[in-house]
Amino acid sequence: ADGFGIHPALLDAALHPALLLDTGSDEDRDGGQVRLPFGWNGVSLWAAGASTVRVRLSPHRDGAEGERGLRLMVADAVGDPVLTVDSLVTRPAAVEQLRAAAVRGADGLFVLDWTPLARPMGTDGPVADRDGWAVLAAEGSYPDLDAFLSGLDDGEAGPAVVLAEFPRPDADAVADMAAAGLAMAQRALELVQKWLAEPRLADARLVVVTRDAVAVTDTDGAMDVAAAALWGLLRSAQAENPGRFLLLDLDLDFGSDVDLDVDRALDLHLRDAITQAVDLDEPQLAVRDGQAWVPRLMRASVGSDPEGREGTPAALDPDGTVLVTGGTGTLGGLVAEHLVRTWQVGHLLLVSRRGPDAPGARDLAARLEGLGARVRIAAVDVTDASAVADLVAGVDAEHPLTGVIHATGLLDDAVLTSQTPERLARVWAAKATGAAHLHTATADLPLALFAMFSSAAGVLGSPGQANYAAANAFCDALAAHRQAHGLPGLSVAWGLWAQSSEMTGKLATTDRARMSRSGIAAMSSEKALGLLDAACAQGEPLCVAATIDPAGVAGVDLPVVLRGLVGGRV
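The opening residue of the sequence shown carries number 664 in our numbering; numbering runs sequentially from there.
For the record, the hints were derived by calculation from the structure and aren't laboratory data. Treat the hints with caution; some may be incorrect.
[To be verified] Derived Cβ-Cβ restraints for the label pairs, each shown as a range: (1) Q954 to D1047: 40 to 48 Å; (2) V706 to R1037: 45 to 53 Å; (3) G705 to G742: 57 to 65 Å; (4) E1085 to A1052: 38 to 46 Å; (5) W703 to P779: 43 to 51 Å; (6) G814 to E1085: 44 to 52 Å; (7) E1085 to D776: 32 to 40 Å; (8) D952 to E1189: 40 to 48 Å; (9) L678 to R1016: 27 to 35 Å; (10) V716 to D749: 31 to 39 Å.
[Said to hold, decoys possible] Using 25 Å as the maximum straight-line C-alpha spacing, the simulated DMTMM-like pairs for lysine to aspartate or glutamate come out as follows: (11) K857 to D816; (12) K1190 to E1203; (13) K1190 to D816; (14) K857 to D835; (15) K857 to D944; (16) K1190 to D770.
Glycine included, C-beta positions come from ideal geometry on N, C-alpha and C.
Construct all of the structure, not just a fragment, from the sequences and the given hints.
As structure tokens, this is what we get:
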């Protein structure tokens, strides 16, 4: 403990016996308060370097107002004095205040914010001949890319910009949204693969146009949850192929909102915005009421609500049951133990494909039961809607379901040109379809928590993970959909856990190096679980939980959404 008269950890340990002293009032205890150190008086250090100490604490009242406090005497192993404190005054603090203070400074929690584009709409930019732009849409220049390519003369280069419209699907129920989202992502995959394979388009930019796929302003209407998946896939396409794709979300529909032809609508509403985005190297853009917006990650403001929100740890009834999918896996087990230790959850329903036959499942159950929890492990395929409905219906009525954490996931990485609809569907099922089934099965229950583990890949884009990014972006949008309908909803877009798991264990050295170049550093399990607490406390539907180090990243590798964080590790 060089540099310390008495090491802070040793001094902290010396104060632990104070918890056994009743220095509070009945009012403190009834109000759920604890007493914490407030003022130190008469502190004397008599010796330095002690590694083992004995402590004597005695309660007393200090000053004219009789504030409650402690006298502290610390001696070494042979009884010689090390430290004395004439008066350590304590004052009460509410447990909720402590939780808020703990998460307010949480390092590594971010939200996706939208900021107006730097220049106003209507300014000119150097994008080449705008008259050469083409629109792929039912009401556009061409119905699809094949029709457009067939119209090009042999050897003729394509235009500088091609817009491809993805209209909103006709889906209201979330289960239908999941199916529509997969279909839309598969269509987008086919389109971008054809685009990349066509040499005549090597210098062109494909602008993928959606409607209400992202939540930009407080006045935005209902999000298109299905189209959000397309954004996840295209973000990874952008990461693999810089400068080839631009994402554009609108608050209008060419076919119904604009009473004029598409080319005229393009002139009035989009050309300036797209030109600015290209000029400023902004690969993602939203237009609302004629104003262009771009996304940026910002530090989350957490712990600012003293009353707490639904979805915070304090809102979970210890007599209720929390369901954790992927609950027998490495991360699921860590979360389950955290729920018991930190959130005082008394009943757990851990779900995985293999259930109690999963490696380590029985040991996990024994460990959790040793902490005082009651544990049930079930083998359920969350991609099966009936099985999920039966699982939820079978929860003990005496310990009703109060929370859901969806931590199931599957990786099947490949560069975009090697992805297939089947690989996309396989990854989609475990994450997105499972989330949709859990939503449907619990929509009528008074849950306090509905959290989904997603990935920063869906927000930042990740080379080789277009399928995974699409599925996780769907979960991010589902959380917003739930909140918009008065239900608890949270999607935590995780960075890289240092703890090896079923998914991260498959990451090669090159994968970790790639993530590092993108600004993502590994974080300990302790930090990650603390960020989970913070995410649950702050109330936004989407949080990115990651150690981000943009300062050490090569500029070409830095995702554009991190530009607002440049300047150091955050």
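Problem set entry | Cβ separation of E1085 and A1052, checked against the hinted range 38 to 46 Å | violated, 26 Å
Exercise. Per the hint of 43 to 51 Å, is the separation of the Cβ atoms of W703 and P779 within bounds?
Worked result: Holds, at about 49 Å.
Exercise. Is it true that the C-beta distance of V716 to D749 lies inside 31 to 39 Å, as the hint says?
Worked result: violated, 18 Å
Exercise. Can the suggested window of 32 to 40 Å be confirmed for the beta-carbon pair E1085 and D776?
Worked result: holds, 36 Å
Exercise. Does D835 lie within 25 Å of K857 when you go C-alpha to C-alpha?
Worked result: Given that 25 Å is the threshold and the Cα spacing comes to 30 Å, the pair is violated.
Problem set entry | Cβ distance range 27 to 35 Å for L678 and R1016, holds or violated | violated, 47 Å
Problem set entry | Given hint D770 paired with K1190 - CA-CA distance at most 25 Å | holds, 9 Å
Problem set entry | 25 Å limit on alpha-carbon distance, applied to hinted pair K857 and D944 | Cα-Cα ~24 Å, so holds.
Problem set entry | G814 paired with E1085, Cβ distance criterion 44 to 52 Å | About 31 Å separates the Cβ atoms of G814 and E1085, which means 44 to 52 Å is violated.
Exercise. Given a hinted range of 40 to 48 Å, is it respected by the beta-carbon distance of D952 and E1189?
Worked result: Holds, at about 45 Å.
Exercise. Given the hinted pair K857 and D816, is their alpha-carbon gap at most 25 Å?
Worked result: It holds: about 18 Å lies between the C-alpha atoms, which stays within 25 Å.
Exercise. So the hint says 40 to 48 Å: do the beta-carbon atoms of Q954 and D1047 match that?
Worked result: This hint holds: roughly 44 Å between Cβ atoms.
Violated hints for the displayed structure, listed by number in ascending order: 3, 4, 6, 9, 10, 13 and 14.
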